[in-house]
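J.: So the chains spell out like this:
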Amino acid sequence: MNNESLKLKVAEYTAKVDKASAKFPERKNLEYNRLYTPLDLEGMDYERDLGMPGTYPFTRGVQPTMYRGRFWTMRMYAGFSTAEESNKRYRYLLSSGSTGLSCAFDLPTQIGYDSDDVISEGEVGKVGVAIDSLADMEILFDQIDLGKVSTSMTINAPASVLLAMYIAVAEKNGVSADKLQGTIQNDILKEYAARGTYIFPPKPSMRLITNIFEYCSKNVPNWNTISISGYHIREAGSTAAQEIAFTIADGIAYCEAAIKAGLDVDDFAGRLSFFWNAHNNVLEEVAKFRASRRVWSKIMKERFGAKNPKSWMLRVHTQTAGSMLTAQQPENNIVRVALQTAAAVMGGTQSLHTNSKDEALALPTEDSVRVALRTQQIVAYESGLADVVDPLAGSYYVEAMTNEIEAEALKYIQKIDDIGGAVVAIEEGYIQREIQDSAYKWQKEVESDARIIVGVNKFQIEEKPVEGLLRVDASVGEGQKKKLAKLRAERDNAAVNAALAKLEAACGDEDANLMPIIMEAVKTYATLGEICGVMRKVFGEYQAPATL
Amino acid sequence: MEKRVRILVAKPGLDGHDRGAKVVARALRDGGFEVVYTGLRQTPEQIAEAALQEDVNVIALSLLSGAHNHLFPRIVELIRANGMNDVLIIGGGVIPDSDIAGLKAAGIAEVFTPGTSTTTIIDFINANV
Chain B
2 MNNESLKLKV AEYTAKVDKA SAKFPERKNL EYNRLYTPLD LEGMDYERDL GMPGTYPFTR
62 GVQPTMYRGR FWTMRMYAGF STAEESNKRY RYLLSSGSTG LSCAFDLPTQ IGYDSDDVIS
122 EGEVGKVGVA IDSLADMEIL FDQIDLGKVS TSMTINAPAS VLLAMYIAVA EKNGVSADKL
182 QGTIQNDILK EYAARGTYIF PPKPSMRLIT NIFEYCSKNV PNWNTISISG YHIREAGSTA
242 AQEIAFTIAD GIAYCEAAIK AGLDVDDFAG RLSFFWNAHN NVLEEVAKFR ASRRVWSKIM
302 KERFGAKNPK SWMLRVHTQT AGSMLTAQQP ENNIVRVALQ TAAAVMGGTQ SLHTNSKDEA
362 LALPTEDSVR VALRTQQIVA YESGLADVVD PLAGSYYVEA MTNEIEAEAL KYIQKIDDIG
422 GAVVAIEEGY IQREIQDSAY KWQKEVESDA RIIVGVNKFQ IEEKPVEGLL RVDASVGEGQ
482 KKKLAKLRAE RDNAAVNAAL AKLEAACGDE DANLMPIIME AVKTYATLGE ICGVMRKVFG
542 EYQAPATL
Chain D
235 MEKRVRILVA KPGLDGHDRG AKVVARALRD GGFEVVYTGL RQTPEQIAEA ALQEDVNVIA
295 LSLLSGAHNH LFPRIVELIR ANGMNDVLII GGGVIPDSDI AGLKAAGIAE VFTPGTSTTT
355 IIDFINANV
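Chains as they are written, first to last, in the numbering used here: chain B, 2 to 549; chain D, 235 to 363.
If you are wondering where the hints come from, they were derived from the structure by calculation, not from laboratory data.
All C-beta atoms, glycine included, are put in the ideal place defined by N, C-alpha and C.
You may find that some hints are simply not true.
[Stated by the list, open to error] For the chain B half of the interface with chain D, some residues (derived, Cβ under 10 Å), not all of them:
#, residue
1, LYS127
2, ALA237
3, ALA475
4, GLU479
[What the hints assert, rightly or not] Chain D residues, not near chain B, derived (Cβ > 10 Å throughout):
#, residue
5, ARG238
6, SER299
7, ASP320
8, ALA340
9, ASN362
Work out the full structure: start from the sequences and follow the hints.
T.: Written as structure tokens, this is what we have:
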């Protein structure tokens with residue numbers, strides 16, 4: 002069939018579909034609501050646009066064999082209450098077939114406050130584990146072999162301090178830093194734009210990040226020094242294209258900062274990792290993963306001149322979309338998570354966290370976490386989705402959508418470049434406004450029934466109160482306070498004060514790398530709040546514009 | 235002309251999840267109210283002070299960290315201590331059903347959980363202010 006006759010047939014067909022879809026008003030405005038044909042892939046070049054898996058531009062995945070070699074890392078994000086409780090949950094997860102750890106810290110820890118700070122009241126141990134000092138970290142990883150397990154830590158503004166504590170625990174247990182594997186999130190730009198746990202202004206924050214890049218390239222070579230995160234941008238309401246565009250723009254800013262600090266791009270780029278959301282629209286998500294790899298590899302090769310193929314690879318951790326879980330008929334969430342898992346796997350993720358059905362209501366119970374982990378295992382072992390590398394390549398629809406998302410992302414990246422880069426675009430509120438507009442649009446679509454969420458605006462039932470939710474004991478805060486009082490009384494306070502004074506001086510010297518000095522401080526059992534307090538004093542605090 | 239209802243949308247506690255707060259704030263503004271948004275990480279004292287300064291009729295609290303049982307009652311206490319006895323205080327976020335009765339007893343007029351439409355919130359405010 003030649004193109005002209007195909008064009009005619011497609012036009013006829015599209016008219017028919019438009020007429021038919023009028024019966025489903027809520028489906029009428031779908032962006033991709035049509036038939037895809039070879040016409041949508043005109044000009045596509047296999048070698049240039051896709052390539053073989055494990056080769057530039059990595060559209061088909063970063064490894065040549067993908068899941069034929071080994072499955073993705075099943076990494077469940079967990080942590081609550083005390084280090085003792087979380088340690089128990091980690092050992093349970095490892096014994097249930099989890100293949101990596103992922104630590105959730107409570108909000109005071111994420112914002113650099115001790116549990117006995119007045120601002121921490123009511124928050125200690127709530128959304129993650131409370132870590133005040135190296136003593137808590139020793140308990141958190143008790144009986145876990147840090148030489149074998151890989152650990153991801155969702156920590157950003159105080160990432161340097163938590164990483165220093167992790168290295169110190171490992172060294173105490175006879176595991177040297179060069180053997181450690183894991184990731185710190187360490188992505189401050191998306192904290193300003195979407196997640197909210199910032200402490201310091203952008204300039205010193207970017208310095209801390211480049212200090213970590215440099216320190217790890219010499220001392221912790223297998224550590225992923227940053228997880229440049231679109232997850233939270235998507236959770237805050239962005240579209241799929243915005244998710245990868247704003248995140249890759251952040252990635253560009255980190256590369257520029259590191260290069261400006263004198264690092265060679267190939268010294269750090271291979272340890273950059275990413276974090277995507279697996280949202281509800283399965284095929285759009287697959288296209289997003291594929292597009293993101295192509296966009297990043299081109300930027301690293303062409304814009305930054307990276308030579309090492311590892312520097313071109315967008316390696317990604319994925320989490321299913323928490324914001325898509327419904328409080329209504331929570332069992333339905335298991336199905337949503339299964340579909341999101343399928344999307345992440347067909348998209349070629351390197352590791353995955355699956356959410357539990359009860360997370361629109363509270364932190365998950367052990368039983369619901371098990372179902373979430375089993376969901377990954379069923380997809381891995383039973384579904385066949387992991388049998389073939391990049392199974393959707395060549396689909397007219399998925400390839401066309403990969404191109405579309407790439408084009409839209411590149412347009413945003415250009416716009417952000419024009420504004421002056423991601424840091425300026427965030428300071429000016431541009432990225433936040435774009436995300437908010439998308440979030441509001443989504444909400445209006447749901448409220449006008451243009452978008453259907455099963456159990457929320459269609460197929461509702463009388464809801465029964467959900468029982469058996471996880472509750473964090475209110476005494477956690479009191480317990481942490483007591484532990485801290487004891488620590489402060491028993492440690493060598495002269496050593497603590499000397500380490501903190503040294504840190505304060507180093508903060509003021511822009512050429513100093515703060516990592517070794519923070520390492521010294523955590524080993525004296527200086528607390529997280531004390532260390533961040535010194536940095537707050539020198540660096541000041543970020544004041545966010547309250548944009549609406 | 236009747237004075238327009240003024241609403242303070244506030245984020246107490248340390249969590250940075252403000253998608254809900256911002257969507258609600260915008261819907262309230264589009265619904266004809268005057269809306270002030272505090273931004274993140276507000277202490278109960280800061281929220282009470284802002285309510286007084288802005289002379290609001292309604293305070294809408296959003297919290298997703300689980301600290302609601304501690305922070306919401308504390309905010310009500312401070313607001314009432316400032317003599318703002320008629321101010322309607324509502325809350326929303328990831329709040330288990332079993333906590334709602336306690337929060338209402340502490341003076342939170344209504345608690346809106348995930349999946350609530352913004353028109354439900356607007357209707358509630360119109361009916362109670």
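J.: Determine for every hint whether it applies to the structure shown.
T.: A quick look at each hint next to the structure:
1. LYS127: holds, 4 Å
2. ALA237: holds, 5 Å
3. ALA475: For B/ALA475, the interface hint holds, since the closest Cβ of chain D sits about 8 Å away, which is under 10 Å.
4. GLU479: It is violated, given that the least Cβ distance between B/GLU479 and chain D is near 12 Å, above 10 Å.
5. ARG238: holds, 17 Å
6. SER299: violated, 5 Å
7. ASP320: holds, 25 Å
8. ALA340: Since the minimum Cβ distance to chain B is about 13 Å, D/ALA340 lies beyond 10 Å and the statement holds.
9. ASN362: Correct as stated: the minimum Cβ-Cβ distance to chain B is 21 Å, above 10 Å.
When held up to the earlier numbered hints, the structure conflicts with 4 and 6 and fits the remainder.
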